[in-house]
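Enquirer: Starting from the structure of chain P, add chain E where the hints point.
There are 2 protein chains.
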Amino acid sequence: MKEFSVLDDETSRRAGFAIVLVEPQLGENIGMVARAMANFGLADLRLVNPRDGWPSEKARAAASRADHVIDAVSLYDTVEEATADLNFVLATTARARDSFKPVRGPEEAAADLRRRAAEGQGTGILFGRERWGLNNHEVGLADEIVTFPVDPKFASLNIAQAVLLMSYAWQAAGRGGDLSPRFEAKLPEPATKDDLFRLFHHLEASLERAGYFFPEPKREVMTQNLRTMLTKANLSEPEVHTLRGVIKAFDYEAAQLRKKLGDAS
Amino acid sequence: MKEFSVLDDETSRRAGFAIVLVEPQLGENIGMVARAMANFGLADLRLVNPRDGWPSEKARAAASRADHVIDAVSLYDTVEEATADLNFVLATTARARDSFKPVRGPEEAAADLRRRAAEGQGTGILFGRERWGLNNHEVGLADEIVTFPVDPKFASLNIAQAVLLMSYAWQAAGRGGDLSPRFEAKLPEPATKDDLFRLFHHLEASLERAGYFFPEPKREVMTQNLRTMLTKANLSEPEVHTLRGVIKAFDYEAAQLRKKLGDAS
Numbered sequence: 001m002k003e004f005s006v007l008d009d010e011t012s013r014r015a016g017f018a019i020v021l022v023e024p025q026l027g028e029n030i031g032m033v034a035r036a037m038a039n040f041g042l043a044d045l046r047l048v049n050p051r052d053g054w055p056s057e058k059a060r061a062a063a064s065r066a067d068h069v070i071d072a073v074s075l076y077d078t079v080e081e082a083t084a085d086l087n088f089v090l091a092t093t094a095r096a097r098d099s100f101k102p103v104r105g106p107e108e109a110a111a112d113l114r115r116r117a118a119e120g121q122g123t124g125i126l127f128g129r130e131r132w133g134l135n136n137h138e139v140g141l142a143d144e145i146v147t148f149p150v151d152p153k154f155a156s157l158n159i160a161q162a163v164l165l166m167s168y169a170w171q172a173a174g175r176g177g178d179l180s181p182r183f184e185a186k187l188p189e190p191a192t193k194d195d196l197f198r199l200f201h202h203l204e205a206s207l208e209r210a211g212y213f214f215p216e217p218k219r220e221v222m223t224q225n226l227r228t229m230l231t232k233a234n235l236s237e238p239e240v241h242t243l244r245g246v247i248k249a250f251d252y253e254a255a256q257l258r259k260k261l262g263d264a265s
Numbered sequence: 001m002k003e004f005s006v007l008d009d010e011t012s013r014r015a016g017f018a019i020v021l022v023e024p025q026l027g028e029n030i031g032m033v034a035r036a037m038a039n040f041g042l043a044d045l046r047l048v049n050p051r052d053g054w055p056s057e058k059a060r061a062a063a064s065r066a067d068h069v070i071d072a073v074s075l076y077d078t079v080e081e082a083t084a085d086l087n088f089v090l091a092t093t094a095r096a097r098d099s100f101k102p103v104r105g106p107e108e109a110a111a112d113l114r115r116r117a118a119e120g121q122g123t124g125i126l127f128g129r130e131r132w133g134l135n136n137h138e139v140g141l142a143d144e145i146v147t148f149p150v151d152p153k154f155a156s157l158n159i160a161q162a163v164l165l166m167s168y169a170w171q172a173a174g175r176g177g178d179l180s181p182r183f184e185a186k187l188p189e190p191a192t193k194d195d196l197f198r199l200f201h202h203l204e205a206s207l208e209r210a211g212y213f214f215p216e217p218k219r220e221v222m223t224q225n226l227r228t229m230l231t232k233a234n235l236s237e238p239e240v241h242t243l244r245g246v247i248k249a250f251d252y253e254a255a256q257l258r259k260k261l262g263d264a265s
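Heads up: the sequence lines are chains P and E, in that order. The first sequence begins at 1 in UniProt numbering and counts up by one. The second sequence begins at 1 in UniProt numbering and counts up by one.
Derived by calculation from the structure, the hints in this document are not laboratory data. Among the hints, erroneous ones may be present.
Since copy identity is lost for identical chains, a pair holds within one copy or between any two.
As the list claims (entries may be wrong) - When the alpha-carbon atoms are kept at most 25 Å apart in a straight line, the in silico PhoX-like pairs for lysine-lysine are as follows:
{"id": "1", "residue 1": "Lys248", "residue 2": "Lys193"}
{"id": "2", "residue 1": "Lys259", "residue 2": "Lys218"}
{"id": "3", "residue 1": "Lys153", "residue 2": "Lys58"}
{"id": "4", "residue 1": "Lys232", "residue 2": "Lys218"}
{"id": "5", "residue 1": "Lys153", "residue 2": "Lys218"}
{"id": "6", "residue 1": "Lys101", "residue 2": "Lys218"}
{"id": "7", "residue 1": "Lys58", "residue 2": "Lys193"}
{"id": "8", "residue 1": "Lys153", "residue 2": "Lys232"}
{"id": "9", "residue 1": "Lys193", "residue 2": "Lys101"}
{"id": "10", "residue 1": "Lys260", "residue 2": "Lys101"}
{"id": "11", "residue 1": "Lys260", "residue 2": "Lys248"}
{"id": "12", "residue 1": "Lys248", "residue 2": "Lys232"}
{"id": "13", "residue 1": "Lys260", "residue 2": "Lys232"}
{"id": "14", "residue 1": "Lys232", "residue 2": "Lys101"}
{"id": "15", "residue 1": "Lys58", "residue 2": "Lys232"}
With the rest of the complex left out, here is chain P:
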């Protein structure tokens, strides 16, 4: 029962998935999340800008002896940094959004996370702020959405409960037995999020130069559309490389023309 053991090094961290709490407000909740994770053998807890700072004695107290999770917490300034080394990221949302990302239930999401982890992919799930969840930019950074099948008349899971259910579903998927290799074409592993984010920035800088973001009020939605499309494409590292080559060709062309123009004037 390997999946029950407490994970204690980088290799075994990859056997599980990362829990990313975005701007958590209360130390108690961070502690309860750590405790929930530990029950199901998860240990990779990442915090993006915890409101009350870190370390937190309230978190440690609420973790109820899940000290190995609290001690291994990593801190980040942005969701981009917190997910840079991961290949596949889910965002939790409580309500429907105008999103073209696939929406999964917990069991389905957990089975997919297990399959990806078995292939060596780094995976993670974003959980939003206690009061209002994730913003559109943050959801936009994820590959897919996971939501919990709660009563629509009373949907009130706190963050630790949501983490508990997802951790339980992950562990249950491991017991399910459906871990048999899929006889599919071996798809290349998705690029890390860091590679993808660098592609975003490269493309956006080149498009800025070319005058794409016009009119100005549409900049935000144009950027989101591009990012959503590139995320959805589930690009491998070689594909990211190819696309950056495409952008570089346009960069080079414009630079050469500008140089000639400078020489001519």
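Expert: Just chain E, lined up with the frame of chain P:
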């Protein structure tokens, strides 16, 4: 989705199962249990000798608007009285005991509860005191034992978490094979191949102009790589439109620069 609806009369209470808290110590925990239940459409909460009495303002506050569960709480002096009207009762335990009762996991137990409820049986689950659970007499009153598959090195579920997992398992058992979430992203349908082929040609013509296809012997494989990637991305018509806008921005930039260069020479 009958099982999602809030249960409000004796008949529909029987569609779910009773949560029986034996000598719960903290009002907060009773409230968190009510909140956990409400998320999954359960409403029959029974208390045996709550330490701090009943009603409890702390319980109501912690229930976070699950008032219909708090208002319907029933009080008993003994486990025998609390389960008198039920046909089948499970006891939750965290550790192995000297017992000849069957021990079930949550999914198995939940499926059995659903089957019995469908036959009209009244069912319930006993949860013990925060500090030390159920005593042997109380476990002896149950038909079977249910336990949670937590990491034996870190087994630390509080009472509300245990109720949450059991409620979730019960709801999941009702969904059976249907793992679809409550809301679906409206995934746009893929663009027509004609749209896709026009995108190929546009991109390739622009890249030709920019000098991307170099060295010449690699032209074929570079073209194939681009087409494979764009096909794999399963682009919708609006996405094809967006990508053509991106290419047009680079086209326009180069054309403007060439025009200036022509004017300058």
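Enquirer: Confirm or reject each hint.
Expert: Structure-based check of all given hints:
no., hint, in the structure
1, Lys248 to Lys193, "within (20 Å within a copy, 27 Å between copies)"
2, Lys259 to Lys218, "neither (31 Å within a copy, 27 Å between copies)"
3, Lys153 to Lys58, "between (32 Å within a copy, 23 Å between copies)"
4, Lys232 to Lys218, "within (21 Å within a copy, 28 Å between copies)"
5, Lys153 to Lys218, "neither (36 Å within a copy, 53 Å between copies)"
6, Lys101 to Lys218, "within (21 Å within a copy, 35 Å between copies)"
7, Lys58 to Lys193, "neither (32 Å within a copy, 44 Å between copies)"
8, Lys153 to Lys232, "neither (31 Å within a copy, 39 Å between copies)"
9, Lys193 to Lys101, "both (16 Å within a copy, 22 Å between copies)"
10, Lys260 to Lys101, "neither (44 Å within a copy, 43 Å between copies)"
11, Lys260 to Lys248, "both (18 Å within a copy, 22 Å between copies)"
12, Lys248 to Lys232, "both (22 Å within a copy, 22 Å between copies)"
13, Lys260 to Lys232, "neither (39 Å within a copy, 38 Å between copies)"
14, Lys232 to Lys101, "both (7 Å within a copy, 16 Å between copies)"
15, Lys58 to Lys232, "neither (39 Å within a copy, 46 Å between copies)"
In this structure, the hints that do not hold are numbers 2, 5, 7, 8, 10, 13 and 15, in rising order.
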